[in-house]
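Q: This is what each chain is made of:
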Amino acid sequence: MEYLGQNKREGLGRKANSRFLLILLILVSLLLLLSSLYSARASVFEKAREGVLDATAPILEIISGPIRAVNDIIGYTSDYFSVLEQNKALREENAVLRQWMNEALELRETLAAYEGLDTFSSAPPMRSVDAFVIGEANSAYAHSMIVNAGRQRNIEVGQAVIDDRGLVGRIVDTGTRASRILLLTDVQSRVPVYIEGADVDGILVGRTRARPAISFTESAEPAELAPGQRVLTSGAGGVLPRGLPIGVIDGERREEIVVRLYANYNRTRLVRIINYEFPSIIDGNAGAQVESRAAATPSEG
Amino acid sequence: MGYRAEYLLRLLKAAAPTFFAFFGVLLMAAPLRLFEGVAPTPIIPLFFVFYWSIYAPNYLPAPSVFAVGLLQDFLTGGPLGLWAAVYLAAQFVVMSQRSYFAGRDRSVVWMGFLMAALGVALLFWLTMSLMAGRLLPLGGLAYQLAATVILYPVFDLFFGRLHRRVLVEA
Chain B
1 MEYLGQNKRE GLGRKANSRF LLILLILVSL LLLLSSLYSA RASVFEKARE GVLDATAPIL
61 EIISGPIRAV NDIIGYTSDY FSVLEQNKAL REENAVLRQW MNEALELRET LAAYEGLDTF
121 SSAPPMRSVD AFVIGEANSA YAHSMIVNAG RQRNIEVGQA VIDDRGLVGR IVDTGTRASR
181 ILLLTDVQSR VPVYIEGADV DGILVGRTRA RPAISFTESA EPAELAPGQR VLTSGAGGVL
241 PRGLPIGVID GERREEIVVR LYANYNRTRL VRIINYEFPS IIDGNAGAQV ESRAAATPSE
301 G
Chain Y
1 MGYRAEYLLR LLKAAAPTFF AFFGVLLMAA PLRLFEGVAP TPIIPLFFVF YWSIYAPNYL
61 PAPSVFAVGL LQDFLTGGPL GLWAAVYLAA QFVVMSQRSY FAGRDRSVVW MGFLMAALGV
121 ALLFWLTMSL MAGRLLPLGG LAYQLAATVI LYPVFDLFFG RLHRRVLVEA
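Chains as they are written, first to last, in my numbering: chain B, 1 to 301; chain Y, 1 to 170.
I should point out that these hints are in silico values taken from the structure, not numbers from a laboratory.
We treat Cβ as the ideally placed atom computed from N, Cα and C, and that holds for glycine.
Possibly wrong hints are sitting among the right ones.
Stated by the list, open to error - Restraint-style ranges between C-beta atoms, simulated for each label pair:
no.	chain 1	residue 1	chain 2	residue 2	range
1	Y	126	B	239	38 to 46 angstroms
2	Y	36	B	227	53 to 61 angstroms
3	B	55	Y	158	52 to 60 angstroms
4	Y	138	B	113	51 to 59 angstroms
5	B	87	Y	133	47 to 55 angstroms
6	Y	104	B	79	51 to 59 angstroms
Said to hold, decoys possible - With the C-beta cut set under 7 angstroms, the calculated list includes, among others, these residues of chain B facing chain Y:
no.	residue
7	22
8	108
9	113
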């Protein structure tokens with residue numbers, strides 16, 4: 001193009017631009033890469049991550065506002081064209097849900113009777129914080145989201161994040177006003193799970209695809225698994241509470257049991273971060289029962 | 001126009017590409033979800049790095065590229081320095097081919113961008129696979145690459161005009 005050769009005009013790097021500087025910076029970033037690999041949790045990197053998270057959170061919040069508005073308009077218009085089908089689907093779903101409601105009301109009565117017993121001790125209540133998703137990694141191999149709640153609202157590393165469908169992920173970085181969620185599909189994600197009705201524990205392993213896989217410990221006995229069985233957090237390891245819904249078994253692919261997640265990351269917008277304290281054995285009054293409860297949850301390293 | 005105002009304006013123009021690139025990183029870190037999340041988000045900063053490396057490297061010097069890559073590393077939560085290294089490598093290669101692209105048609109430059117994007121994706125995939133300890137699936141990255149390459153002409157049309165009409169000429 002005839003516009004080349006204009007580098008005599010001013011630019012930021014008029015004096016500094018040289019191949020030497022470029023190569024030097026490549027070396028610096030490679031060095032940084034190596035050192036951050038060997039000590040990913042070093043306090044320097046941790047501090048820097050938190051600092052950047054805090055500094056960019058307000059900007060991300062401003063940017064995500066209009067994006068949300070535009071996406072809403074697009075969503076409304078596409079909804080408008082499928083009103084009839086949606087209505088039909090919702091009516092069917094409503095009929096099923098009504099049956100569930102009756103069953104739940106019955107169960108509530110039964111439960112109330114049990115709660116009246118002296119030997120009953122309830123699980124500790126979960127405290128939760130609601131937050132909006134303001135950022136997303138949008139990277140093929142790093143799956144994470146940024147939410148607008150941080151240490152100021154008692155968010156801590158390791159806490160579970162759910163939305164209206166099921167488990168989304170867990171907190172890996174916290175700033176004062178924003179924190180990062182590692183999604184279940186990320187390569188680094190490991191979540192202890194159990195499969196309802198099959199009585200087996202496993203670990204949900206992210207593999208960058210939309211559907212993570214379950215890996216079982218080698219000593220585990222082979223279990224009969226069928227597609228459609230529910231997968232829930234097992235609470236092993238004492239980080240995530242037990243019984244959060246994750247998804248259903250989708251089938252077997254290349255000798256891996258694959259899970260279809262309840263969460264739809266394309267629609268995750270409002271999330272709830274769960275602050276759950278596991279019942280500790282030393283805890284005062286209801287000691288014996290708490291102890292038996294803790295023993296009942298299988299624990300593995 | 002006073003001397004001071006002119007100086008400020010010149011400074012602003014010189015810094016504009018860097019600002020755009022930073023904004024590109026922030027935009028990429030926002031929950032864009034194009035077409036309700038069906039389309040992957042393009043690697044937006046690569047547009048800026050490629051365009052200014054080929055037409056006017058002085059406007060987006062290596063330190064700016066380094067900072068842009070580092071910010072992306074922080075925002076994606078990946079290993080620090082990875083995108084910085086990838087973008088700098090892209091700039092190095094693209095700058096070495098400047099004389100080839102001089103005076104060529106837009107479509108040739110687009111092919112050049114395809115090559116650069118392929119190289120960037122390959123580097124990224126190799127590093128992430130090395131870190132994960134196994135070869136990672138290529139599907140998601142291929143989609144993202146396609147989105148990036150398809151969107152480049154749109155970017156070129158807009159920022160090319162901006163660069164020539166506003167940053168250089170006015």
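Q: Hints numbered earlier in the text: which of these fail when held up against the supplied structure?
A: Result: hints 1, 2, 3, 6, 8, 9 break, sorted rising.
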